[in-house]
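Below, each chain spelled out in residue letters.
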Amino acid sequence: MNFVSWAFVALFAIVLAARLTIGRRKIEPAYVFLLILASATFYAWHIPVYIGILVLSSVIDYWAGLWLARLGPQAAGRRRAVLAASLATNLGLLAFFKYANFFLDVARDVLGPGAADVLPLELGLALPMGISFYTFQSMSYTIDVYRGVLAPIHRFWPFFLFISFFPQLVAGPIVRASEFLPQMPRPRRLHRAVVYEGIWLIVSGFFLKMVCADNLAVYVDEYWERGTRPDATSAFTLWLALMFSGQIFADFAGYSNIARGTAYLLGYRLPINFNAPYLAASFKNFWERWHMTLSRWLRDYLYISLGGNRGGPIRTYVNLMLVMLLGGLWHGAAYTFIIWGALHGGALALERLLGMHNTRGWAGRWPVRVAWFVVVQALVLTAWVFFRSRRPGDATQFLANFATMDGWTLGRMEWVGMLFLAPLVAQHAFSWMRERGSVTEPGPATRAVLAALMVYAIVTLYTGTADFIYFQF
Amino acid sequence: MGRGANITRAERPSGDYYLALDRAGHADHHVLYFGTDAVALDYLRRADVLLLGNSRLMFAARPRVLDAFFAARSLRYYVLGFGFREGDRFPLDIIEKFDLRPRLVIVNADGFFTGAYSDFAREVRSDTPIGAWQLQRESEIGHEVRRVVHQLVPNWIDLFGRPGFPWMQELVIYRSRTNGTWQLSPWAEGRSRVSSRDPEQPPLSPPEVEAAHRFKAAMDRRGARMMLTYVPTSRPLGGGPALFADLLGVPLVLAEPPGLRTEDQDHLDEPSAVAWTVAFVRELERVVP
Chain A
152 MNFVSWAFVA LFAIVLAARL TIGRRKIEPA YVFLLILASA TFYAWHIPVY
202 IGILVLSSVI DYWAGLWLAR LGPQAAGRRR AVLAASLATN LGLLAFFKYA
252 NFFLDVARDV LGPGAADVLP LELGLALPMG ISFYTFQSMS YTIDVYRGVL
302 APIHRFWPFF LFISFFPQLV AGPIVRASEF LPQMPRPRRL HRAVVYEGIW
352 LIVSGFFLKM VCADNLAVYV DEYWERGTRP DATSAFTLWL ALMFSGQIFA
402 DFAGYSNIAR GTAYLLGYRL PINFNAPYLA ASFKNFWERW HMTLSRWLRD
452 YLYISLGGNR GGPIRTYVNL MLVMLLGGLW HGAAYTFIIW GALHGGALAL
502 ERLLGMHNTR GWAGRWPVRV AWFVVVQALV LTAWVFFRSR RPGDATQFLA
552 NFATMDGWTL GRMEWVGMLF LAPLVAQHAF SWMRERGSVT EPGPATRAVL
602 AALMVYAIVT LYTGTADFIY FQF
Chain B
486 MGRGANITRA ERPSGDYYLA LDRAGHADHH VLYFGTDAVA LDYLRRADVL
536 LLGNSRLMFA ARPRVLDAFF AARSLRYYVL GFGFREGDRF PLDIIEKFDL
586 RPRLVIVNAD GFFTGAYSDF AREVRSDTPI GAWQLQRESE IGHEVRRVVH
636 QLVPNWIDLF GRPGFPWMQE LVIYRSRTNG TWQLSPWAEG RSRVSSRDPE
686 QPPLSPPEVE AAHRFKAAMD RRGARMMLTY VPTSRPLGGG PALFADLLGV
736 PLVLAEPPGL RTEDQDHLDE PSAVAWTVAF VRELERVVP
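Chains as they are written, first to last, in the working numbering: chain A, 152 to 624; chain B, 486 to 774.
There's no promise every hint is true.
Unchecked claim - Far from chain B by the CB rule (all over 10 angstroms, computed), these chain A residues:
| hint | residue |
| --- | --- |
| 1 | T192 |
| 2 | P464 |
| 3 | M556 |
To be verified - Among the chain B residues that face chain A by a calculated CB cut under 7 angstroms, a handful are:
| hint | residue |
| --- | --- |
| 4 | R508 |
| 5 | A509 |
| 6 | S611 |
| 7 | T613 |
| 8 | E623 |
| 9 | I626 |
| 10 | V638 |
| 11 | N640 |
| 12 | W641 |
| 13 | P648 |
| 14 | G649 |
These aren't lab readings, by the way, just hints derived from the structure by calculation.
Positions of the beta carbon are idealized from the N, C-alpha and C atoms, including for glycine.
Working from the sequences, and respecting the hints, build out all of it.
Laid out in structure tokens, this is it:
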């Protein structure tokens, strides 16, 4: 189920009504049962049979948690086996559904033309919704129990709610068990401040998604291919890259805001996922601001497991590269995502080599910081070109078009399109000032006015899939 | 046409129509691919004549004219075209999926023999019947809610358009269950004349040739006679109709009445569509007496 759908409006209205009546403290069994039911409905709305995968993943990790606790620290070998079984199941499901077609492509490329007769073109499987998110969430629980930093949960249904909680099921934030499970027995009433904050997050999320992201998508979807043709000008390709960078931010951040807002109204706090990423003055800082819950997951469960920065500089660079390559692959099964990850991995390693990941010594001087900020944002933008393109060759042509440095004029269409970037620029500018203490968070009255304006903008400026479709006639 | 949001002025045509497309969703591909509308599927299955093509045909084929022509010959027709610059693969999937056995298939050759699915068709094929059902319901609810909301508050994009995009206003399309034709409501007036076709047609590409042969073979297997036509447009998508007709050895029914107009250089306006359909059936009469 998509947040931007009438089905979601109906589902959320029912659950919110329950929160206001049978779930005032949010720990009432009937309310918890309804949340589980709503989450299952939310998930099954896509392809009903896939609820089985969600349940399987949950059962395996629930069982693994119990076994790990029962075995105790002395049975190290058996504990490792239980952990391996859990990880293999989760990663196996992910690999099968998300990467099987990609592996077939790779096999055909490697084996040559003869392989086309033997290997199927594709498996024809629809990707189970949110599988990348809930498998990571589920694995984080088992790993935390294995590491002894989390006590296992002894009832299945609360654990299933942690995995399937519908506000964050489709696109995160990726919540850790240590953040979610302790909230479950804690009563939380729906105070006025909670209502205000929840509504604010939901409205701002829908604004980002329906006004900014969807409108930017209209331009990007229609013109991206033109940017990959040899005759595209520098200004046009730069414009397209900026439009896509805005689209992807507004889309992800909007979704995260809606998730956090709905969860908050229902009695749960979800972690922040985006914090003005285009203000980042270093690559390290970018990943502290962009898809923060994924970055955190990769750092704590992958980077540190690989040895982090404890094995000397070379090993650190290799670890950074590996983590970002896998991070790229996590986004999707395509060479373009791998290149995107490699660019970020290489940039993180180079930044560390140059000492630009901190502000010590010469790296802290403001001209150097400003120059590095430009480098960071330019490479982030370059990496987005690979992220958006269908093939690596398209992306390199796109970048080659930009590199010609000719044709620096934009038409009316481009300028009008950039109006949808304006709210994102304003949001980043506000964050920049807030981080420097120049402004404070807006008060309730200001927020009420802004929320009203955003609702008006949603009603008057929303676009839709129909726009995208009929532009393709 | 005066300034005003199309969604507030859209009227469902009298007769048996469902919402095919508006800003809230595009259910058109889904409905016929998954057969979620039993009535539409029944009429599609019983059709003796199928008209195939992209959105240019869907705008051009006018039911009043076609009804009279085919009824006089005791033939049932269905216009199985799609938007999104859809080529031959997607309608062929539907023909095979529902084992359609038309006696005659008429194809608007302009941009049809691509041998590929549109991006949207690929998405549709990976969807499910439940997804199709949900999409249709979502579209219908959105259509009715937006109709009320925009009586009070306009949608600025619908009112003022978007520079760089041909459609100044929202496109609202209903599709007939009984004959598959599209009805736009409201339908914008054509602002420019359709320019005449370049007589120098580029040669057919190997993929086009292969796709055309494959499609013809599929029709032969089903016992369907095949003909080609061409809906005039200022921006042909390629594939000269005469070249395809020669290649496949099938009749070409050409109708190019003067004075045709278009709003976006691609699609005919309503009076032009009627004029084209009248001219088309007049030409068709020579091969389907």
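How the hints compare with the structure:
1. For T192 of chain A, the non-interface assignment is confirmed: its Cβ lies about 12 angstroms from the closest Cβ of chain B, beyond the 10 angstroms cut-off.
2. Remark: the non-interface label on P464 of chain A is consistent with the geometry, its nearest Cβ contact in chain B lying 45 angstroms away (cut-off 10 angstroms).
3. Non-interface call for M556 of chain A relative to chain B: holds, since the shortest CB-CB distance, roughly 24 angstroms, exceeds 10 angstroms.
4. For R508 of chain B, the interface hint holds, the least distance from its beta-carbon to any beta-carbon of chain A being 4 angstroms, beneath 7 angstroms.
5. Taken as an interface hint, A509 of chain B checks out: its beta carbon lies about 6 angstroms from the nearest beta carbon of chain A, inside 7 angstroms.
6. For S611 of chain B, the interface hint holds, the least distance from its beta-carbon to any beta-carbon of chain A being 5 angstroms, beneath 7 angstroms.
7. Because the smallest distance between the Cβ of T613 of chain B and any Cβ of chain A comes to about 6 angstroms, under 7 angstroms, the interface hint for this residue holds.
8. Nearest Cβ of chain A to the Cβ of E623 of chain B: about 6 angstroms, under the 7 angstroms cut. The hint holds.
9. Hint on I626 of chain B holds. Least Cβ distance to chain A is approximately 5 angstroms, under the 7 angstroms limit.
10. The interface hint given for V638 of chain B holds, since its Cβ lies 5 angstroms from the closest Cβ of chain A, which is under the 7 angstroms cut-off.
11. Annotation: interface hint on N640 of chain B holds; nearest CB of chain A at approximately 6 angstroms, less than 7 angstroms.
12. For W641 of chain B, the suggested interface contact is upheld, since its CB lies about 5 angstroms from the closest CB of chain A, less than 7 angstroms.
13. At its closest, the beta carbon of P648 of chain B sits 4 angstroms from a beta carbon of chain A; the interface hint therefore holds under the 7 angstroms criterion.
14. For G649 of chain B, the interface hint holds, since its Cβ comes within 7 angstroms of a Cβ in chain A; the closest pair sits about 3 angstroms apart.
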